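Chains as they are written, first to last, in the UniProt record's numbering: chain H, 1 to 246; chain P, 1 to 220.
Since the hints were made in silico from the structure, they are not lab data. In this text the structure is predicted, and so the values were computed from the model without any measurement. Mixed in with the good hints, there may be bad ones.
One side only, chain H facing chain P, incomplete, derived with CB under 7 Å [what the hints assert, rightly or not]:
id: 1; residue: R80
id: 2; residue: M85
id: 3; residue: F93
id: 4; residue: A94
Heads up, the beta-carbon is just placed ideally off N, CA and C, and yes, glycines get one too.
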Amino acid sequence: MTEPLVVLKGVNKHFGDLHVLKDIDLTIGKGEVVVVIGPSGSGKSTLCRTINRLETFESGSIEIDGKPLPEEGKALAALRADVGMVFQSFNLFAHKTILENVTLGPIKARGVKKADAEKRAMELLERVGVAHQAQKYPAQLSGGQQQRVAIARSLAMDPKVMLFDEPTSALDPEMINEVLDVMTSLAKSGMTMVVVTHEMGFARRAANRVVFMADGQIVEEAAPETFFTNPTSDRAKDFLGKILTH
Amino acid sequence: MGDLSFAAVLSAFWLTIQLALFSAVGALVLGTIIAVMRVSPVRVLQMLGTWYVNTFRNTPLTLLMVFGILGATYTLGINLAPSSINDNNFRWAVVMLSVYHAAFVCEALRSGVNTVPAGQAEAARAMGLTFGQTMSQVILPQAFRGAIAPLGSTLIALIKNTTVAAVIGNQEAAGLMSETVENQGSSIGIFLIFALGFVILTLPLGLLFTSMSRRLVVKR
Numbered sequence: 001m002t003e004p005l006v007v008l009k010g011v012n013k014h015f016g017d018l019h020v021l022k023d024i025d026l027t028i029g030k031g032e033v034v035v036v037i038g039p040s041g042s043g044k045s046t047l048c049r050t051i052n053r054l055e056t057f058e059s060g061s062i063e064i065d066g067k068p069l070p071e072e073g074k075a076l077a078a079l080r081a082d083v084g085m086v087f088q089s090f091n092l093f094a095h096k097t098i099l100e101n102v103t104l105g106p107i108k109a110r111g112v113k114k115a116d117a118e119k120r121a122m123e124l125l126e127r128v129g130v131a132h133q134a135q136k137y138p139a140q141l142s143g144g145q146q147q148r149v150a151i152a153r154s155l156a157m158d159p160k161v162m163l164f165d166e167p168t169s170a171l172d173p174e175m176i177n178e179v180l181d182v183m184t185s186l187a188k189s190g191m192t193m194v195v196v197t198h199e200m201g202f203a204r205r206a207a208n209r210v211v212f213m214a215d216g217q218i219v220e221e222a223a224p225e226t227f228f229t230n231p232t233s234d235r236a237k238d239f240l241g242k243i244l245t246h
Numbered sequence: 001m002g003d004l005s006f007a008a009v010l011s012a013f014w015l016t017i018q019l020a021l022f023s024a025v026g027a028l029v030l031g032t033i034i035a036v037m038r039v040s041p042v043r044v045l046q047m048l049g050t051w052y053v054n055t056f057r058n059t060p061l062t063l064l065m066v067f068g069i070l071g072a073t074y075t076l077g078i079n080l081a082p083s084s085i086n087d088n089n090f091r092w093a094v095v096m097l098s099v100y101h102a103a104f105v106c107e108a109l110r111s112g113v114n115t116v117p118a119g120q121a122e123a124a125r126a127m128g129l130t131f132g133q134t135m136s137q138v139i140l141p142q143a144f145r146g147a148i149a150p151l152g153s154t155l156i157a158l159i160k161n162t163t164v165a166a167v168i169g170n171q172e173a174a175g176l177m178s179e180t181v182e183n184q185g186s187s188i189g190i191f192l193i194f195a196l197g198f199v200i201l202t203l204p205l206g207l208l209f210t211s212m213s214r215r216l217v218v219k220r
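Next comes chain P alone, as it looks inside the complex (with noise of 0.2 Å):
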């Protein structure tokens, strides 16, 4: 195994837990704002909305972060830390996994509001509530637990994603190991063990999705 120490394995996988932390919550939020768009009666939101997804959903995440340095930085000026390179090509990675995962989380939320019916809006909308409310109070906490499996697998492989992150110079798991295996020569043994280190990251987490979207299913 050479030079691959605990402590260096640890710290990487703790930047990959990172980028998938602040990205998780960067695609959610964005998600949401775009689902709402997709779904509201105003018909230049929902094709801006269908246009986000369409863009993103279609453009490889390798590219995107590649545009983030070479594109945005270096070009455009576009620089979310001057004063570190290794801090800017993070941002960045979480800039451009949560734009690209919106997209996903978008169309799993629109799936979950598929599954909230008619005549819960419609009651909303009669008894007074605006567009804001009826969402926010009615429809999305009902579409959240109706998308709450295809939310998991979203976060799964966001999370598998953040491998990406490497092609622009974070030193996050798939980094380190590229690193490793370039200086020391490749194994099956620094295979496995960063296998295994995402398998530890995303198995339990499946399995709490799998058990939340049956708890928290909406009886109706």
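Isolated chain H (complex conformation) (with noise of 0.2 Å):
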């Protein structure tokens, strides 16, 4: 593995009575992408959630190039400005354009000029195809073309390593496809993701590895070949068994 940029130690999670992350270790090297699957409610979204704080955890440690995840305040700020984070429902800025979307992180988090954040924000939206659409409002875009301002809206801040959230899971299916090339395309450059997905063949075609999920424990981690053709677990199978044989 080249250089660890994301490190977990034994992270453990509880909302309320449920357990939903289980001694947590994981370690995603520079340039690695990284897929996770797992049946719902095994805790994928959670620990996606948790690698940036959105989500709270109670014991363990988690590291981002070697500086551990502050508590709160300017410091966590700083860190999150460092870490893309794109959601399954876009989270487009709904009072604000495209453009004004792209530009906003850039400007006030990185105090970036606005003349020099807007160049940047048309060259990604240019990249992932929705530059003719600047001046719109979020609601005026199809799903698909929201989630790759979403995606444009995140390289805008230069992150180390990408969270994808079910990046797909909301959109109609004739739009999956667009949102999975964009995002093949950044692993293909060189980007570190972590990709909470049910895209299978994204997971087949990008991934350096895929970890499997299952009642909040990583139950297996393998490349992706060996994972599909020829997994483990008994967990593992089962939950393959379900969605490969349609």
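The two chains are supplied separately, each in an independent frame; assemble them into the complex guided by the hints.
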């Protein structure tokens, strides 16, 4: 593995009585693409959200680029600026134009000049194929377009690592590919990515490693081909049996 | 109609408008601060905000007004305009109108904050914005637009509540009306003149806020 970028050690989290993350140990190397799959309620989204502290955790440690996650305040905000996040429901700022959505972070969190931020934003929007929509509002775009803008918005911060929390789960089937294409080219360009998804095709095509979670635990980790063709745990065999037979 | 001149009515309503304008700005600023406190993650600020709203929303405005003069000015010696009794009365009226309506502005805004999906704040925090930036750039602009109708109702209530300032000697519309009634006896005519004045002030505002709440709604 390359130099470790994100390191989780013994992370535990409860939602009330429910133990959603159980002693999670996970190391993600620079430039690595890790796909997290697993049944609903297995804790994979929570894991993803814990990495930038949108969810708190009770014990264990998370380090990003050698630095432990700050608990709150400006230090946490500064760390989050380095960690891109793409949500299932896009979460574009509804009152701002597409261009403003992409420039807000660089201007406010990084202190980039407006003109420079806009130039860079247009390049990124061009890259994800929605540059001609720059002056529109999120509600005027399709789901696939909104999600590509959300990816551009994250990229504008030049993140060290990007987290994708089920980025295609809220999309109509014909829009899933346009988003996956952007993500695949991002993976090829060397971006470090943690992707929670149900898209097995993407996992096979773009992932370096598949992490299989069930009941709050990491049950199995393997290269995609190994995992899909020859899973070792019964839980993974059962899960793959249910989804791959269709 | 006796001595009630058009000029006197106009100048009385001018004072009403001034009271309303200054108090509206005060209530909006103060109410926004209290609302931010109530939705902040800091427990102490939340409790302070809640205490503020519960206290001032549940205290009669007349009581606050009288406190401004009898309590604050005469007992505590906090005179806001030592050289002029009228100015002191006016300033305390503005303070009390602001303080009182800030509680309602806060609650209107909080209902506006509830119209903003949680994902908006998450996205803002995830990109590294601080709490203050998240509020000012993402949450409040949408909250205001989601709260225009209740904010409008609060402003209209504030305009009508300026009449309470008469109890501490402000010669705004209600003050002039009660003086006129005292000097010349009451008549339907006098009542109608002042009622019409308030209708002229508030009715267009109501229409304006209704159309704004429709035009400015955040499309999702």
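Going down the list of hints, with the structure as the test:
{"no.": "1", "hint": "R80", "verdict": "4 Å, holds"}
{"no.": "2", "hint": "M85", "verdict": "4 Å, holds"}
{"no.": "3", "hint": "F93", "verdict": "6 Å, holds"}
{"no.": "4", "hint": "A94", "verdict": "5 Å, holds"}
Figure legend: structure checked against the earlier numbered hints; every hint is met.
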